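Participant: Sequence lines, in order, name chains A and B.
Anchor point for the first sequence: position 101 equals 101 in the working numbering, and the numbering is continuous, going up by one each time.
Anchor point for the second sequence: position 2 equals 291 in the working numbering, and the numbering is continuous, going up by one each time.
Misleading hints may appear alongside valid ones.
Stated by the list, open to error - Where chain B lies over chain A, by a calculated footprint (3+ residues, C-beta under 8 angstroms): (1) 55–65; (2) 71–85; (3) 213–224; (4) 264–270.
These aren't lab readings, by the way, just hints derived from the structure by calculation.
Computed from a predicted model, the values in this text were never measured in an experiment.
Built from N, CA and C at the ideal position, the CB exists for glycine as well.
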Amino acid sequence: MMKTSDMRMPTLREIGNEAKLLLIGIPVLIWTLIPIYHMFLFAISPKQDAFAGKLWPDHPTLQNFRVVFNQQHYFLRDFWAQFGNSVVIAVAVGALTLIIATLAAFAISRLRVRGGRTVMNLALFTYFIPAAFLAVPMYRTMGTYGLLNNHWALILAMVTIASPYAIWVLKQASDKLPLELDEAAIMDGATPLQLFRMVYLPLMLPSLVAVGTYALLLAWNEYLYAFLLLSKDTEITLPVALGNFLAADDSPWELLMTTGFIYALPPAAVYYAFRRYMVGGLTAGAVKS
Amino acid sequence: MTAITYTSPSDASHPFAARFSTPQVWGIVMLAPYVLVFLAFVVYPISYGLWLARHPASYVALYNDPVFARTVVNTLIFLIIGINVKMLIALFLSGFFVQTRTWIRWLSVLFILPWAVPSIPTILSVRFMFNPEWGVINNLIFKFTAEDGPNWLNDPAIGLTLAILVHIWKSLPFWTLILMTGRLAISADMFEAAEVDGASWWQKFRFITWPSMQMLYITCTLLSMIWTLGDFNSVYLLTGGGPADLTHVLATLGIRYLRLDQLDMAMASIVCAMPLVLPLVYFMMKRLSR
């Protein structure tokens, strides 16, 4: 390399390099944060300050949070019920998807069940069909099954959407476990069920965490299906309630943004808490290179 | 029992006992829950939807609906321009984020935020920013120029552009992350060798980075196209398809017909998207199920 000839040249180049990186980094930071900061600013501003276009409110306040938590507004009278619905549905989807996908992945990858490959391909096909296209027939189907306005409609719809990818990620992870493990366990007289419980589940734990989190977040964040399948004010989930704010022209933005901020916090926290698993387990599986 | 016959095509060459050995029985039992879900919530709805879309009259009506033509154009703009711009930026930024600096590592943690938070509140936040009367953008325009800013979302071209930008804002971190894994998989030796030979930045990209990443990049672009076809939120929550139904995309059009109680039209519009979707799906399945 050429560092001995002139001490000044490399440093100048390094400074230029650093400046170039900053020139990319600062716009990226601003671009990323603007919508979120705008939301946060509304949440901590009193109503009259919120529209002034200031970078920081003169009198930051938690009053909006108090109003939301005490349900002191027409739009917020069912806030806690809706929050609870979101939690129940997300947890149910996470758990059900995990159970269904783990069993299916074990059957396909370890027991090599007949037709397993076909099921995997059909599941992958479902994964690639955009969920918005399936929404219309799904809405009618739930009507036929008599499940409309019932939490089970949303739970089952989200399990349907979450499982294909969950099965695929788990199957990929499971295929990597050495086959000798199964053989040794079977030699020792283990039944398939014992194999599943004592060998498979412990070894798959990181992928199971990733898949469970994926399904949980998918259900918590879902808007389209929630707004099609549920309609009663006490039955809907938080995102649908947020969308309903838009129905009125004089909707209280500062409260909408506060509710949105509260709604956005849990998934962000879960994401960052499980980031290690999410990045390892999911992005690696998302696109096989 | 339908589940079992469905998942295990009969195979005469195997004796009965082997076909129903203990692991096989367990396998069928364990696969059954998903197969049931699949039959009840994928096969039945799709068959029902196709049955609803069987009348040629629906397609004629769709063809004559000016909203449909506009929607197809919007969807193509969204896919061809939106996705390619997004993927090029992601490709560029993936090169930025693989730089080893502490501040870049911290920035990458923040950069992932749009992907980690739900899209509804952030899209509504953007919608408020662009509100003509009270939005922060027009407030700033008024402050500095003493003139009223434009009615952003009431202009179909601006509305669609903003919807594309919202989509890019939301999904750029994900694709940047994926392309970063592609870049990190390239051996550092090659770059060192190129450095010694005095290769320029462009030459390094052209002859080292791109050849090892092009397959991943193309796969990502196609996958992103499929997913973006189903991006309902970016358009619906920002413009609601308006003004005058001029910013609909295929994902929102189906819901619009559903709300107008024109179920056959809703399904027909989705069937019309299939020539676009199925080849992409076929390609992706070939890639993934190797």
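Participant: Please go over all the hints and tell whether each is borne out by the structure.
Facilitator: Status of each hint after checking the structure:
1. Taking a C-beta to C-beta cut-off of 8 angstroms, the stretch 55–65 of chain A contributes 0 residues in contact with chain B, too few for the three needed, and the coverage statement is violated.
2. For the stretch 71–85 of chain A, the stated coverage by chain B is violated: 0 residues have a C-beta nearer than 8 angstroms to a C-beta of that chain, whereas at least 3 were required.
3. For a cut-off of 8 angstroms, the count of residues in the stretch 213–224 of chain A with a CB near a CB of chain B stands at 4, and the three-residue condition holds.
4. Three residues within the 8 angstroms Cβ limit are the bar, and the stretch 264–270 of chain A against chain B gives 3, so the coverage statement holds.
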